[in-house]
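Undergrad: Residue numbers (the numbering used here), protein chains in the order written: chain U, 1 to 111; chain F, 1001 to 1116.
Among the clues, some could well be false.
Unchecked claim - Below 30 angstroms or equal to it, Euclidean Cα-Cα: the simulated DSSO-like pairs (lysine-lysine) are: (1) F:K1041 to U:K57; (2) F:K1036 to U:K71; (3) U:K68 to F:K1044; (4) U:K98 to F:K1041; (5) U:K110 to U:K58; (6) U:K37 to F:K1019; (7) U:K58 to F:K1044; (8) F:K1036 to U:K68; (9) U:K37 to F:K1041.
FYI, nobody ran anything at the bench for these hints, they're computed from the structure.
Each chain, letter by letter, is given below.
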Amino acid sequence: GENVEQHPSTLSVQEGDSAVIKCTYSDSASNYFPWYKQELGKGPQLIIDIRSNVGEKKDQRIAVTLNKTAKHFSLHITETQPEDSAVYFCAASTPGNKLTFGGGTRVLVKP
Amino acid sequence: DTAVSQTPKYLVTQMGNDKSIKCEQNLGHDTMYWYKQDSKKFLKIMFSYNNKELIINETVPNRFSPKSPDKAHLNLHINSLELGDSAVYFCASSQGGGGWRTDTQYFGPGTRLTVL
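My request is simple: use the sequences and hints to build the entire structure.
TA: Structure, rendered in structure tokens:
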């Protein structure tokens, strides 16, 4: 089955700096890669996603890149703000919507 | 206008008891899911139902039984609760989920289950 590795497990950045989280996946059949943000006591919320026919996608301060050949994808957050502090999860989905999550990255943005 | 809702939010119970968690979505989606998040925050899919039909059934003890009375509801019943069942359980839904589709999954707020 699919295996998703996520790094780093924790990330501390100064407000205004950029944050980068990297994930690798194992199943070449995976074709959909969402990123979720989970705040304390809440459910995961989708922040951005990318499909396998696209190499890069951007939404304001958030961008995601996908390298299908290398089977890795990354989340980039620019101009970080304290409200970006949360746990971020990458995931990979094979056709049929079976999502496999990475282990999560706890991001702390220091004011 | 809660999209995916779960009840209860917290559930504290004794070992050996039977409990249920309810989930409802008002998004008109065809597919619903149950995930388990352990103490290390690892999220893993347990079940998926598409139009009341079970389509994903991961390696989960048969003490866990999902039930979908209609496509807007997916409940999770757990028999003979064990200490290791303590976790946060999330319900999610997506527009599709069968065949070759991969649609965005929207998560509920979670139910924190504590087994004493």
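Undergrad: Could you run down the list of hints and mark each one as holding or not?
TA: Each hint, compared with the structure:
At most 30 angstroms may separate the alpha-carbon atoms for a hinted pair to count; F:K1041 and U:K57 meet this at roughly 27 angstroms. For the given pair, F:K1036 sits about 26 angstroms from U:K71 by alpha-carbon distance, which is consistent with the 30 angstroms threshold. Note on U:K68 and F:K1044: the hinted pairing holds, with a Cα-Cα distance of about 23 angstroms set against a maximum of 30 angstroms. For the suggested pair U:K98 and F:K1041, the alpha carbons sit about 19 angstroms apart, so the restraint of at most 30 angstroms is met.
A hinted pair counts as satisfied when its Cα atoms are at most 30 angstroms apart, and U:K110 with U:K58 qualifies at roughly 24 angstroms. Between the alpha carbons of U:K37 and F:K1019 the distance comes to roughly 29 angstroms, so the proposed pair stays at or under 30 angstroms and holds. At roughly 27 angstroms between alpha-carbon atoms, U:K58 and F:K1044 fall within 30 angstroms of each other, so this suggested pair holds. Proximity of F:K1036 to U:K68 is assessed by CA-CA distance (about 28 angstroms); at most 30 angstroms being required, the pair is judged to hold.
Simply put, U:K37 and F:K1041 have alpha-carbon atoms about 12 angstroms apart, close enough for the 30 angstroms limit, and the pair holds.
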